[in-house]
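2 protein chains.
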Amino acid sequence: MAKKAVVLLSGGLDSAVTLFYAINKGYECFALTFDYGQRHLKEIAGAKRIAALAKAHFEAVSLKFPWKGSSLTDKQMILPVKRTIREIRSGIPSTYVPARNSIFLSIAASYAEAIGASKVFIGAHSEDSSGYPDCRKGYLEKFAEAMRLGTKAGTEGRLLVEFPRIDKTKSGIIKLGGLLGVPFEFTGSCYRGGVKPCGECDSCILRAKGFKEAGIKDPHFGLNI
Amino acid sequence: MAKKAVVLLSGGLDSAVTLFYAINKGYECFALTFDYGQRHLKEIAGAKRIAALAKAHFEAVSLKFPWKGSSLTDKQMILPVKRTIREIRSGIPSTYVPARNSIFLSIAASYAEAIGASKVFIGAHSEDSSGYPDCRKGYLEKFAEAMRLGTKAGTEGRLLVEFPRIDKTKSGIIKLGGLLGVPFEFTGSCYRGGVKPCGECDSCILRAKGFKEAGIKDPHFGLNI
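From first to last, the protein sequence lines are chains A and B. Residue numbers for the first sequence follow the numbering used here, so the first one is 1 and each next one is one higher. Residue numbers for the second sequence follow the numbering used here, so the first one is 1 and each next one is one higher.
For the record, the hints were derived by calculation from the structure and aren't laboratory data. Note that this is a predicted model, so its numbers are computed, not measured. Misleading hints may appear alongside valid ones.
Claimed, not checked - Footprint (simulated), chain A over chain B, 3 or more residues, beta carbon under 8 Å:
hint : segment
1    : 98-109
2    : 150-156
3    : 169-183
To be verified - Here are the simulated lysine-lysine pairs, PhoX-like style, with alpha carbons at most 20 Å apart:
hint : chain 1 : residue 1 : chain 2 : residue 2
4    : A       : Lys4      : B       : Lys168
5    : B       : Lys25     : B       : Lys64
6    : B       : Lys137    : B       : Lys168
7    : A       : Lys137    : B       : Lys168
8    : A       : Lys4      : A       : Lys75
9    : B       : Lys64     : A       : Lys142
10   : A       : Lys48     : A       : Lys142
11   : A       : Lys68     : B       : Lys55
12   : A       : Lys42     : A       : Lys3
13   : B       : Lys142    : A       : Lys142
14   : B       : Lys212    : B       : Lys168
15   : A       : Lys75     : A       : Lys196
16   : A       : Lys25     : A       : Lys175
17   : A       : Lys42     : A       : Lys196
18   : A       : Lys4      : A       : Lys42
19   : B       : Lys209    : B       : Lys175
20   : B       : Lys168    : B       : Lys209
21   : A       : Lys64     : B       : Lys64
Stated by the list, open to error - Partner residues aside, some chain B positions facing chain A, computed with beta carbon under 10 Å:
hint : residue
22   : Ala52
23   : Pro80
24   : Glu87
25   : Arg89
26   : Ile92
27   : Pro133
28   : Asp134
29   : Tyr139
30   : Phe186
Ideal Cβ placement from N, Cα and C applies to all residues, glycine included.
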């Protein structure tokens with residue numbers, strides 16, 4: 001019987017590569033995605049398709065909170081666009097969603113305990129990312145430790161939270177994805193969530209930079225700015 | 001303007017005392033409760049009433065996951081009853097809900113960030129509790145540290161997770177509640193969630209022990225076993 005793993009799958013690039021990485025490591029994977037009122041809700045359909053191609057189980061959980069606090073969920077707020085890499089790296093952007101990865105990881109740990117999975121994988125990385133504090137290594141290490149102490153499976157040594165791509169660059173992740181056969185054409189990262197990537201939001205800009213540095217053409221809707 | 005705090009409020013005894021404690025400390029409190037498919041759903045109505053009496057804001061969030069993994073949420077599982085204190089303390093019981101406090105605390109941190117609250121309070125204590133790993137001090141310290149690193153407000157020194165009752169006994173918490181005027185009659189802890197407390201589940205047994213040791217009569221439906 002294969003070891004089980006819960007993999008956070010947003011429908012974006014990094015989590016898709018992490019799913020294929022986990023499958024390559026021999027895990028029976030349970031992809032978990034969330035509808036949290038994000039602008040780019042279409043990523044959920046992408047996540048479902050990616051999970052199917054990866055032959056992973058797929059679960060989508062709906063989280064509806066009466067508060068927002070992010071330009072990614074609050075359409076009254078302005079989405080930052082056309083920023084330089086330097087500007088993107090200058091601080092925590094308004095697209096930061098309060099405690100998002102903590103919520104996702106906690107629910108993933110709950111799912112993992114319930115189904116007897118021994119790992120929770122998250123594809124976060126801090127290089128070439130948007131500066132979100134919940135994608136940083138120090139936070140993830142602390143959170144993983146909290147899960148080791150605060151879950152039954154964790155205290156019994158049967159559950160670990162892992163972030164295998166944390167030290168990688170976006171281009172490195174894309175290269176690995178290329179080797180693992182990740183269907184990049186179905187991964188979408190654009191914050192605007194339109195039919196085609198806008199090419200202007202931080203996520204589009206970081207993705208384009210990553211593909212360029214990796215020397216790979218981005219097949220997603222022909223975007224390769 | 002009063003400092004704001006989000007307080008996890010289950011409708012049970014410990015969290016009610018913690019809410020009154022936070023109000024006594026001068027916080028404008030935002031009580032947060034969850035419908036997570038627990039057997040004792042009636043505690044939500046109790047939480048709402050307690051919040052109203054405390055003059056706190058009140059928010060109930062619904063969490064529906066397709067997995068269970070606990071006798072508190074899975075009615076196919078048997079609820080442990082008529083156990084001695086020694087038996088209750090013998091390990092992590094089947095009423096443990098996978099990663100429950102991590103999920104609740106993460107969502108509370110998200111709420112706190114969105115409304116600009118500087119504290120998240122949880123009424124967990126490890127003495128005279130059910131042995132849940134997510135009520136232990138070591139876990140809570142680690143989780144609080146993760147929130148300090150993984151939230152925007154935390155990294156800016158504007159958000160702390162606190163567990164002011166962690167080193168207290170149940171009877172000590174009840175005594176404090178008496179001093180603070182907590183309406184014990186509306187706090188309910190019975191896992192069965194019937195009209196009257198069953199008096200047999202771990203929660204009823206620990207509550208009765210606490211009131212007995214505190215030398216206070218439990219006014220909740222006349223229960224004082």
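Verification of the supplied hints:
1. 98-109: Check passed, 10 qualifying residues.
2. 150-156: holds (count 6)
3. 169-183: This one is violated; 0 residues, fewer than the three required, reach chain A with a Cβ under 8 Å.
4. A:Lys4 - B:Lys168: violated, 39 Å
5. B:Lys25 - B:Lys64: With Cα atoms ~34 Å apart, lysine 25 (chain B) and lysine 64 (chain B) exceed 20 Å; violated.
6. B:Lys137 - B:Lys168: Holds: lysine 137 (chain B) and lysine 168 (chain B) sit about 11 Å apart, inside 20 Å.
7. A:Lys137 - B:Lys168: Violated, at about 34 Å.
8. A:Lys4 - A:Lys75: Judged against 20 Å, a Cα distance of about 38 Å means the pair is violated.
9. B:Lys64 - A:Lys142: Not OK: lysine 64 (chain B) and lysine 142 (chain A) at ~27 Å, beyond 20 Å, violated.
10. A:Lys48 - A:Lys142: Violated: lysine 48 (chain A) and lysine 142 (chain A) sit about 30 Å apart, past 20 Å.
11. A:Lys68 - B:Lys55: violated, 24 Å
12. A:Lys42 - A:Lys3: Distance ~30 Å between lysine 42 (chain A) and lysine 3 (chain A) Cα, so the pair is violated.
13. B:Lys142 - A:Lys142: holds, 6 Å
14. B:Lys212 - B:Lys168: holds, 16 Å
15. A:Lys75 - A:Lys196: Between lysine 75 (chain A) and lysine 196 (chain A) the Cα gap is close to 19 Å, so the pair holds against 20 Å.
16. A:Lys25 - A:Lys175: holds, 17 Å
17. A:Lys42 - A:Lys196: holds, 11 Å
18. A:Lys4 - A:Lys42: violated, 27 Å
19. B:Lys209 - B:Lys175: The hint holds at about 13 Å.
20. B:Lys168 - B:Lys209: holds, 14 Å
21. A:Lys64 - B:Lys64: holds, 10 Å
22. Ala52: violated, 18 Å
23. Pro80: violated, 15 Å
24. Glu87: violated, 17 Å
25. Arg89: Hint on arginine 89 (chain B): violated, closest Cβ of chain A at ~15 Å, above 10 Å.
26. Ile92: holds, 5 Å
27. Pro133: holds, 5 Å
28. Asp134: OK, holds: aspartate 134 (chain B) within 10 Å of chain A, min 4 Å.
29. Tyr139: With Cβ-Cβ at 4 Å, under 10 Å, it holds.
30. Phe186: With a closest approach of 24 Å, the phenylalanine 186 (chain B) hint is violated.
Taken one by one, the earlier hints fail for this structure at numbers 3, 4, 5, 7, 8, 9, 10, 11, 12, 18, 22, 23, 24, 25 and 30, listed in ascending order.
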